[in-house]
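Just so we're aligned, residue 1 is where the sequence shown starts under the UniProt record's numbering, counting upward by one.
Rather than coming from a laboratory, the hints here were simulated on the basis of the structure.
Think of the CB as a built atom: it goes at the ideal place given N, C-alpha and C, for glycine as much as any other residue.
Hints are supplied without guarantee of correctness; some may be wrong.
To be verified - Label pairs and their computed distance ranges (CB to CB):
(1) V111 - V21: 27 to 33 Å
(2) S88 - A20: 16 to 22 Å
(3) G46 - G116: 36 to 42 Å
(4) V31 - R70: 23 to 29 Å
(5) D137 - P84: 34 to 40 Å
(6) Y82 - K113: 27 to 33 Å
(7) G128 - L16: 30 to 36 Å
(8) F85 - K119: 15 to 21 Å
(9) L36 - A120: 25 to 31 Å
(10) T35 - R67: 32 to 38 Å
(11) D15 - A139: 22 to 28 Å
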Amino acid sequence: MSGPRLSVHGVGVSDLGRTAVAFLLAAVVEVGLHTLRLPRLSRLLGVPLDIDPQRDIEVTAPVIVPRWARRRLRATRRALRYWPFGDSCLRLALVGGCLVRRLDPVLRIGVAKHDGEFKAHAWLEIGGLSLDPASVDFAPVESVRA
């Protein structure tokens, strides 16, 4: 039997630690976004940008994201909710991907036309499957200008 869980506003102390780590990593990502090209930044973070149109991924089962990874991804969303530069999908994917890099995630960027306007979106994929349901509306980008 465990004792009472220490929490602040319903968020456990270990969750606060994960959120603090995500917030610090967001600062690294922010600097990287302003000083490095995206392919290099994503590689350095352990979340390589996947723009290969010929990828042959055989998916036999859905991606099961372990509990530890789900907690880190939640902490990322919680930290970037208060990020002064915005919680863009690219920042979320880079920070979250770095925190779950043991799962070998890749960064995917896609585009779509909605109401006559082009929109871009970034998301993580593990084993060829997206972790973001919104990604189905976007066509993956197949090249990045050097």
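The hints, checked one at a time:
{"no.": "1", "hint": "V111 - V21: 27 to 33 Å", "result": "holds, 31 Å"}
{"no.": "2", "hint": "S88 - A20: 16 to 22 Å", "result": "holds, 20 Å"}
{"no.": "3", "hint": "G46 - G116: 36 to 42 Å", "result": "holds, 37 Å"}
{"no.": "4", "hint": "V31 - R70: 23 to 29 Å", "result": "holds, 27 Å"}
{"no.": "5", "hint": "D137 - P84: 34 to 40 Å", "result": "violated, 28 Å"}
{"no.": "6", "hint": "Y82 - K113: 27 to 33 Å", "result": "holds, 32 Å"}
{"no.": "7", "hint": "G128 - L16: 30 to 36 Å", "result": "holds, 34 Å"}
{"no.": "8", "hint": "F85 - K119: 15 to 21 Å", "result": "holds, 19 Å"}
{"no.": "9", "hint": "L36 - A120: 25 to 31 Å", "result": "violated, 19 Å"}
{"no.": "10", "hint": "T35 - R67: 32 to 38 Å", "result": "holds, 34 Å"}
{"no.": "11", "hint": "D15 - A139: 22 to 28 Å", "result": "violated, 36 Å"}
In summary, the numbered hints that this structure violates are 5, 9, 11.
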